[in-house]
Amino acid sequence: MDLTPDNDQIALQTATSDWCRTNMPLADARSRRSGLWDELESMGWVGMTAPGMDLDHPTEALIFAELGRFLAPVALLSSAVAARWTGSGGKVGLAVPGKDIIRVLDGDSAPRALGLFAAATGFIKNDPVCQTKPSLDLSTSVVHLKADAPVDPITDPRAALHLQLLAAAFSVGCADAARDMAADYAQLRQQFGRPIGWFQALKHICSDMAVRAAVARSQLYYAACTLDAGEADAAFHVAAAKRLADQAALDNGRANIQVHGGTGMTDEAVPHLCLKRAHLLQFIAPVEDRILLADIP
Amino acid sequence: MDIGFSSAETHFREQCRDWLKDNIPTGKRPLDASDAIGFDKAWQRRLFDAGWAGINWPTEYGGRGLSIVQQVIWLEEYAKAHAPWIGANFVGINHGGPTLILNASEEQKAFHLPRILKGESIWCQGFSEPGAGSDLAGITTRGRIDGDELIINGSKIWTSFAHVADWQELVLRTEEGSKRHAGLSWVICDMHAPGITVRPIRKMSGQTEFAEVFYDDVRVPLDNVVGGLGNGWKVAMSTLSFERGTGFIADQVKLGQEIAELVSKARASGMIEDDRIADQLAQMRAEVAALRAMTYRNISEVVRTGQPGPEASVIRLFAAELGQRIERMALHLMGEEILDFAYGDDDAVHDYLRGFAATIAGGTAQIQRDIIGERLLGLPKSR
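So the protein sequences, as listed, match chains A and B. At position 162 of the first sequence the residue is numbered 162 (this note's numbering), and the sequence of numbers has no breaks. At position 206 of the second sequence the residue is numbered 206 (this note's numbering), and the sequence of numbers has no breaks.
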């Protein structure tokens, strides 16, 4: 039993965040430059989950949490799932099935999109019925597809859990980013002649952000291990990870804006980017109560 | 990362399970400390005789000298088997003993540690005072040096098991005029010494488990100072991380059992059809799973680096508040049946009322949040 990253994993984690800080800063998530996806591909972030790479789930989760911390393009999630279970390379859009339409996020120049559809986890043809539009999360575009688009299913049932795990990792990263942003600001911003983080009313908001992020990250590691071990309770643990990570991302996203005060409400500042990403992630492989309430085998 | 255990560890787990299956006391542990003391001492002695006391304590003081992972496995199996709370032995086993292991002289360790493990000495903690709660450094109980003795005057409060204890880990001011964290000492105080008066205090759950302790010219040999005069704060703090290490293993298993019971109860009564109840139960199940993950992560950190990571302080706060949420849900599922509660009942109402201690004792939730904000996030100290 060991739930801490080893030296190789820490090195990968550090390399990922170093690259992101320089090449994909969070503040640029409001409008990602056009060549970014090609750079991500050439750096190996896109194909790293392919079968030949033998990347275990905990390492994947660690890397995706780092990518998520910088609000990396959400098509990384769908592309990683496609790569692992079908060996396909390249960009795959992220499909969010709705009642009357299917939304494809971050699908620019992707021929297909992947999502969890009622019938199966699988691909649909990325064939927009309308023009690409901006989305709530400014880092991504959205297009609407007809709800009856035929699904090309992925046969392995683990694909759905894989998407849920990676999306949870993105949420953990998003929650971390909001926590760190709030803590930094609380040390910098002065009122009543002191940093606002001195006041317990503000300090405790930040502490609760740290608790949520630590809880979610711990469960993420555990869930990733159950998926590797093929444990019968993997579905429960991945769902628990996703539920807690999504809450951490959303609650921290909101708290971060409160800590930032007036600035926090503006478009110009960055806290809203985390909040909006958190809202997006709630719709990726959402967790049903019945999975969390089922008897654990 | 992996969540598997080695075959030796799995074998150890089976040994724990087998012994517990055949040896758990059949009677229920009484609620009041004075009624439970005989039960607690007898049970601790049986644990010791069978080799289950002090699994990761040094062998020279009666422990088994095994790994922290084996200690974790024991505590997990202990809780899974519904073994009774160690009760009055709690302070000696989980706090006093570990503090002695880290800070005491050979003589002090050789005398006290085996007695703690055998259930022969009951310990209590003398930290809080009427005027020093969250502001623990405001301690005013004082010890004046007189020859080779300390003469102690003052009072302590919220001292669990004081009325049944033999020894106390007492933090007091030994340097006249000293302020805050300086000038404090950690001493082993004989609870049977002349000049000590114990006034038991009843809790709102009906239990008499803690007390106020008064010291009127109590003489304690200077040899009973642990870690040197004036080092009391450092000695007291040395075991906080120990407490955070394995202190919540049993809670985590117990919370898992409680939430499982609540889910089946809500199913049986049909209350689970209420989406709000179903959603809260689902949430708590996810949180209990995360508590285990967080505890394992912390233990892994101890195995890897020798000490718990900075996030260890989060576990305590999270476990306490999660436990209270589960207790509130249990109460909710009981409905108006709670109105039948009477002092002495050992049920969900009792657990709910007693559970308020979780966010007050040993550092309030507010102090925990200060610590997390300051040590984990680097925010400026408010105090």
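Careful: at least some of the hints might be erroneous.
[To be verified] Here are a few chain B residues that face chain A, going by a calculated C-beta distance under 7 Å: (1) M1; (2) K109; (3) A110; (4) F111; (5) L222; (6) M284; (7) A290; (8) P310; (9) E311; (10) L376; (11) L379; (12) S382.
[Unchecked claim] So the derived label-pair ranges between C-beta atoms look like this: (13) B:V303 to A:D28: 38 to 44 Å; (14) B:R325 to A:A118: 29 to 35 Å; (15) B:N23 to A:M43: 54 to 60 Å; (16) B:D275 to A:D56: 34 to 40 Å; (17) A:F192 to B:R325: 46 to 52 Å; (18) B:G51 to A:T155: 47 to 53 Å; (19) A:Q13 to B:E9: 23 to 29 Å; (20) B:R328 to A:G261: 49 to 55 Å; (21) B:V303 to A:S109: 44 to 50 Å; (22) B:R17 to A:A120: 57 to 63 Å; (23) B:R267 to A:E39: 49 to 55 Å; (24) A:T155 to B:D279: 42 to 48 Å.
[Claimed, not checked] A short list of chain A residues far from chain B (calculated; beta carbon distances all over 12 Å): (25) D54; (26) H144; (27) S207; (28) C225.
Since the hints were made in silico from the structure, they are not lab data. Each residue gets a CB set at the ideal place from its N, CA and C atoms; glycine is no exception.
Status of the hints after comparison with the structure:
Because the closest C-beta pair between B:M1 and chain A is about 4 Å apart, less than 7 Å, the hint holds. A cut of 7 Å between beta carbons decides the hint on B:K109: the least distance to chain A is about 30 Å, and the hint is violated. Because the smallest distance between the Cβ of B:A110 and any Cβ of chain A comes to about 34 Å, over 7 Å, the interface hint for this residue is violated. With 7 Å as the threshold, the beta carbon of B:F111 stays out of range of chain A, its nearest partner Cβ sitting at about 36 Å, so the hint is violated.
Taking 7 Å as the C-beta contact cut-off toward chain A, the hint placing B:L222 at the interface is violated, the least distance being around 40 Å. Among the interface hints, the one on B:M284 is violated; its C-beta lies about 9 Å from the nearest C-beta in chain A, farther than the 7 Å criterion. Checking B:A290 against chain A by beta carbon gives a least distance of about 4 Å; that is within 7 Å, so the hint holds. Of the supplied interface hints, the one on B:P310 is violated, with its beta-carbon coming no nearer than about 10 Å to a beta-carbon of chain A, more than 7 Å.
Annotation: B:E311 was flagged as interfacial toward chain A, and the flag holds, the nearest CB pair being 5 Å apart, inside 7 Å. Because the closest C-beta pair between B:L376 and chain A is about 5 Å apart, less than 7 Å, the hint holds. The criterion of a C-beta within 7 Å of any C-beta in chain A is met by B:L379, whose closest approach is roughly 4 Å, and the hint holds. The interface hint given for B:S382 is met, as the beta carbon of that residue sits about 6 Å from the closest beta carbon of chain A, less than 7 Å.
For the pair B:V303 and A:D28, the beta carbons lie near 40 Å from each other, so the given range of 38 to 44 Å is met. In this structure the hint that B:R325 and A:A118 lie 29 to 35 Å apart at CB holds, the actual value being about 33 Å. For the pair B:N23 and A:M43, the beta carbons lie near 59 Å from each other, so the given range of 54 to 60 Å is met. Between B:D275 and A:D56 the beta carbon distance is about 37 Å. The supplied range of 34 to 40 Å therefore holds.
A hinted range of 46 to 52 Å is violated for the C-beta pair A:F192 and B:R325, which are about 34 Å apart. The beta-carbon spacing between B:G51 and A:T155, approximately 52 Å, falls within the hinted interval of 47 to 53 Å. In this structure the hint that A:Q13 and B:E9 lie 23 to 29 Å apart at CB holds, the actual value being about 28 Å. Separated by about 33 Å at the C-beta atoms, B:R328 and A:G261 break the suggested range of 49 to 55 Å.
Between B:V303 and A:S109 the CB atoms are about 47 Å apart, so this pair conforms to the stated range of 44 to 50 Å. Restraint check, B:R17 to A:A120: a C-beta distance of roughly 42 Å breaks the suggested window 57 to 63 Å. A hinted range of 49 to 55 Å holds for the C-beta pair B:R267 and A:E39, which are about 52 Å apart. For the hinted restraint 42 to 48 Å between A:T155 and B:D279, the CB-CB distance of approximately 32 Å leaves it violated.
At the 12 Å boundary, the C-beta of A:D54 stays outside the reach of chain B, the nearest C-beta of that chain being 15 Å off. With 12 Å as the threshold on Cβ separation, the claim that A:H144 sits away from chain B holds: the shortest Cβ distance comes to roughly 30 Å. A beta-carbon of chain B comes within 12 Å of the beta-carbon of A:S207; the shortest separation is about 4 Å. Distance check for A:C225 against chain B: the nearest CB is about 4 Å away, which does not clear 12 Å, and the non-interface claim fails.
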